[in-house]
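*Asks:* These protein sequence lines are chains R and H, in that order.
Per my numbering, the first sequence starts with residue 1, numbered consecutively.
Per my numbering, the second sequence starts with residue 1, numbered consecutively.
No lab work stands behind these hints: they were computed from the structure.
Just so you know, not all the hints are guaranteed correct.
Partial list, computed: chain R residues near chain H (C-beta under 8 Å) [claimed, not checked]:
id : residue
1  : R34
2  : T84
3  : T86
4  : T97
5  : L102
6  : R106
7  : E118
8  : R121
9  : L125
10 : S129
11 : T136
12 : E139
13 : Q142
14 : L146
15 : H147
16 : I251
For each label pair, taking beta carbons as the anchor points, the in silico distance ranges come out as [what the hints assert, rightly or not]:
id : chain 1 : residue 1 : chain 2 : residue 2 : range
17 : H       : R144      : R       : T231      : 36 to 42 Å
18 : H       : Y133      : R       : P329      : 56 to 62 Å
19 : H       : P243      : R       : H47       : 38 to 44 Å
20 : H       : T122      : R       : V37       : 57 to 63 Å
21 : R       : A317      : H       : T128      : 52 to 58 Å
22 : R       : G148      : H       : P243      : 38 to 44 Å
23 : R       : G90       : H       : A135      : 29 to 35 Å
24 : H       : Q392      : R       : P58       : 41 to 47 Å
25 : R       : R240      : H       : T128      : 56 to 62 Å
26 : R       : V37       : H       : P243      : 32 to 38 Å
27 : H       : S424      : R       : R240      : 35 to 41 Å
28 : R       : R240      : H       : Q392      : 55 to 61 Å
29 : H       : P304      : R       : A71       : 45 to 51 Å
For clarity, every value in this text was computed on a predicted model and none was experimentally measured.
We put the beta carbon where it would ideally sit given N, CA and C, even for glycine.
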Amino acid sequence: MNVDVLVVGAGPAGLAAAIGLRRAGVDRVVVADREQVAGGVPRHCQHTGFGLRDLHRPLTGPAYARRYAAAAARAGADIRTGTTVTGWTGDRELTLTSPGGLETVRAGAVLLATGCRERPRPARLVPGSRVPGIMTTGELQQRVYLHGQRLPGRAVIVGAEHVSFSAVVTLAHAGATVAGLVTGYPEQQSYRAFALAARLRWRAPVWANSSVSRVAAAPDTGLAGVEVTDTSSGLTRFERCDLLVFTGDWIPDHELARAGQVPLDPGTRGPAVDPALETGAPLVFAAGNLIHPAETADVAALSGRHAARHIAAALAAPAAPGGQAPPGPRVPLAVVPPLRWISPSAVRPPLLPPDGRFLLRCDSFHPPARIEVRQDGRLLASSRTGRLIPSRPVHLPGAWAAHADPAAGPIQIGLA
Amino acid sequence: MTGPGWPDGVADVLIIGAGVVGAAIARTLAGYQLSCVLVDAASDVGTGTSKANTAILHTGFDAEPGSLESQLLRRGSLLLRDYARQAGIPVEDTRALLVAWTPEQEAALPGIADKARRNGVTDVRPRTSAQLYQAEPHLGPGARAGLLIPGESIICPWTTTLAYATEAVRAGVRLLLRTQVLDVLPGPEQHLVRTSRGPLRCRWLINAAGLYSDQIDQMLGGGSFTITPRRGELIVFDKLARPLLSAVLLPVPTARTKGVLVAPTVYGNVLLGPTAEDVADRTDTATTAAGLTGLLDAGRRLVPELVAEEVTATYAGLRAATEHRDYQIRVDGPLRYACAGGIRSTGLSASLGIAEYLAGQLGAAGLKLAARATAGPPAMPYLGQAGPRPYQDAARIAADPEYGRIVCHCERVTRGEIRDALASTLPPADLDGLRRRTRAGNGRCQGFYCAAAVSEMLGGGPPGPAPSADGAP
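All chains should be built: construct the whole structure from the sequences, respecting the hints.
*Replies:* Here you go:
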């Protein structure tokens, strides 16, 4: 099958891109998603607050997901659920498996929008017994909201960022009590109101400067509890629990990208993209939480919408000689610790990033600071930030990206 | 329970332990006109040492020459290779490179090559440093020299035990799971075996109880060996690490352990381990901070790029180590008792050799072995990464679209395969059992995407321990 654009992933970024592509006049847009229902992660996020920046109204996750899936179908995108993109057979030629069989799709452009996942317990190397009752927030939400499971008992949550407090609410809904949230940072990383609500309404304290140092099994091989270590004193204590939920610590689902030899950014571990969200592989784009793990759904959707504009332009370019001149070469961006990553991770003058700004992450708490953009020692731009909080977005206005000198070498971004 | 349903309620043979060794013995004895019972305390076959090992099909090149282990390992690996082909058990002929990193280790290489020859493994060849790096470009710096062992392979340990047990059950062996042996009362005509689910009677008793084989042996007046569980922790890396090596990378072994190795797995991952630590508790399969840190340090030296990849799983297995170097295999004719214990770390590779040897010894001791026709090895679902899987098979999906419906995305396991496992001769008791039969939930996300849906297929309900010993069979 030949298509104009193959979008991999029908989450907020993929669906928003499909809508944008169709509205820009791109004819054959296929969106493949391995899940049975389109919509992505918001499908199992029951809380409200979705859609503020893209749809300008607050929605619950499932309502948001349904709205995007319906809009993409109405726009004329061919949404194929239950369809896994299993690999590449050419530059923009991919193989698909579905109950309908195997298919090879040749696309004019590919958009990777495969999202991100939470690192599970083994990836965090938490030692101890291998027992049931240990899961990520993603699994927890699906069990509770998609499959209606009750999960009575006492739960310990690993992490204290936004999604961790969402897990508090989900656990309460499922009948569990939350013993506490364990974080290695000196304080929680979400909004004060969330932490306060967790403490007052669900009596779930945040255990700062702490880590889960061991998982203990009960004699029946169920979960008995966890050993929590205070990282400053080294003292440990035992917390009985029946459930252990690992939250946050996002990693992009970059496997398809890597299988296609798409170069990764060492910071995000997602494909390295320029401000048009094109990867190092020509006409292969990436958007959403695959390139900034993890942002809220509306930010992912806006990134998909942004990619759609550039994909449509790139596909139209050969037939429009009077159009814009093609952008120049890419200049990679490097961040200096404690900054962890920047997305997009390259500039390509005169292109501007989604929403006109770059997204960054910081590895530690940091008082309000100035972010400086330097090339060859020369200050290109600087911008004030509020307090930097790990796992929370930091924004850097991106107007300078249009004028960076591609010949002047790599660009460094750090705190002044 | 009143005992197996044979005319007199007495089984000809009762095998304690449905690990890879017990299941191999059951499958071998099923080829004779005997009534057999295979009992295990766990809710599934192969849940002890058999499920948590390095998954290597050894040639036995480094066994103690002249030992029973050497003999049965060599024979067993030949038999298993053949059996795997027939049953569809994934095997990859990866070969192994034994790498010396110090002058002392380098000096030990000729001795190891000589030992291999004495074990009948005659194709071991020396390798220079340059040859090692040519074969394995991602090998860490400092490899001085090595040996190539062409016959070393990797295998799926789960399918192996399941295939043996499936063949045995289909041939009439009665498998009793969640049945813990509490005591044995030996008798002149028959033994009374008291279990957590009632008494069982048998004429011959075979002890293949692995980590508990010394305790069973004591119930029959033995006591010539004691098991000290030796814990081995292992780290499994993401499939994206698989291109970093092609062969099994072995260290120079010590008297105590084969050492930390790096090996591809038949599921397309890379495995690093094991540690070797004696523990007191026969159920202590917990990983430790020191163990995992030590493995990562070793991995960083062996294949530096490996540790930059994501970790998919960590686990620990217990080897049934004893104070003796060799297997503890003996048959007591007058007592009508056989012991296949103390099989430390080569039980998977030697399993069919052990079973064949034990059957011969039993026959010589008076067990009547009259052959009978059986269906032979079952066709097991193929779990390997090397061959075509259902999701890649257009004809199979056309015949049954459920093979095109991928449920576990990381391992690409389809709804059809899970359905088949649930309807198989040995259906899984829990998610872990399903994982060993299909790979579902075995991947990098560890259930982020599929655990909820898969557990729904398994009968739903929240995660929890498997039903207790009093639960339904």
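*Asks:* Determine for every hint whether it applies to the structure shown.
*Replies:* Results for each hint:
The beta carbon of R:R34 is positioned within 8 Å of a beta carbon in chain H (closest approach about 5 Å), and the interface hint is therefore held. Checking R:T84 against chain H by beta carbon gives a least distance of about 5 Å; that is within 8 Å, so the hint holds. Look at R:T86: its Cβ gets to within about 7 Å of chain H, closer than 8 Å, so that hint holds up. The restraint placing R:T97 at the interface with chain H holds, with a minimum CB-CB distance near 5 Å, inside the 8 Å limit.
Interface restraint check: R:L102 against chain H, minimum CB-CB distance 5 Å, threshold 8 Å, status holds. Violation of the interface hint for R:R106 is found here, the shortest Cβ-Cβ separation to chain H being roughly 18 Å, above the 8 Å cut-off. At a threshold of 8 Å, the smallest CB-CB gap from R:E118 to chain H is about 6 Å, leaving the interface hint in force. Hint status for R:R121: holds, given a least beta-carbon distance of 7 Å to chain H, under 8 Å.
At a threshold of 8 Å, the smallest CB-CB gap from R:L125 to chain H is about 5 Å, leaving the interface hint in force. With 8 Å as the threshold, the beta carbon of R:S129 comes within range of chain H, its nearest partner Cβ sitting at about 4 Å, so the hint holds. Given hint, R:T136 at the interface with chain H, holds; its Cβ is 5 Å from that chain's nearest Cβ, closer than 8 Å. Taken as an interface hint, R:E139 checks out: its beta carbon lies about 5 Å from the nearest beta carbon of chain H, inside 8 Å.
Satisfaction of the interface hint for R:Q142 is found here, the shortest Cβ-Cβ separation to chain H being roughly 4 Å, below the 8 Å cut-off. At a threshold of 8 Å, the smallest CB-CB gap from R:L146 to chain H is about 6 Å, leaving the interface hint in force. Nearest Cβ of chain H to the Cβ of R:H147: about 5 Å, under the 8 Å cut. The hint holds. With a cut of 8 Å, the hint placing R:I251 at the interface with chain H holds, because the nearest CB-to-CB distance is about 7 Å.
At roughly 40 Å, the beta carbons of H:R144 and R:T231 sit within the given window of 36 to 42 Å. H:Y133 and R:P329 have their C-beta atoms about 35 Å apart, which leaves the hinted 56 to 62 Å range violated. The beta-carbon spacing between H:P243 and R:H47, approximately 41 Å, falls within the hinted interval of 38 to 44 Å. In this structure, H:T122 and R:V37 meet the distance hint of 57 to 63 Å, their C-beta atoms being roughly 59 Å apart.
Distance hint for R:A317 and H:T128: a CB-CB separation of about 54 Å, consistent with the stated range 52 to 58 Å. Our hint of 38 to 44 Å for R:G148 and H:P243 holds, since their Cβ atoms are close to 42 Å apart. Between R:G90 and H:A135 the CB atoms are about 30 Å apart, so this pair conforms to the stated range of 29 to 35 Å. Between H:Q392 and R:P58, the C-beta spacing of about 44 Å keeps the proposed range 41 to 47 Å intact.
Checked against the hint of 56 to 62 Å, the pair R:R240 and H:T128 passes, with Cβ atoms roughly 57 Å apart. Against the hinted window of 32 to 38 Å, the Cβ-Cβ separation of R:V37 and H:P243 comes to about 34 Å, which satisfies the hint. For H:S424 and R:R240, the Cβ-Cβ distance of about 37 Å falls inside the hinted range of 35 to 41 Å, so the restraint holds. In this structure, R:R240 and H:Q392 break the distance hint of 55 to 61 Å, their C-beta atoms being roughly 46 Å apart.
The given range of 45 to 51 Å is respected by H:P304 and R:A71, whose C-beta atoms sit roughly 48 Å from each other.
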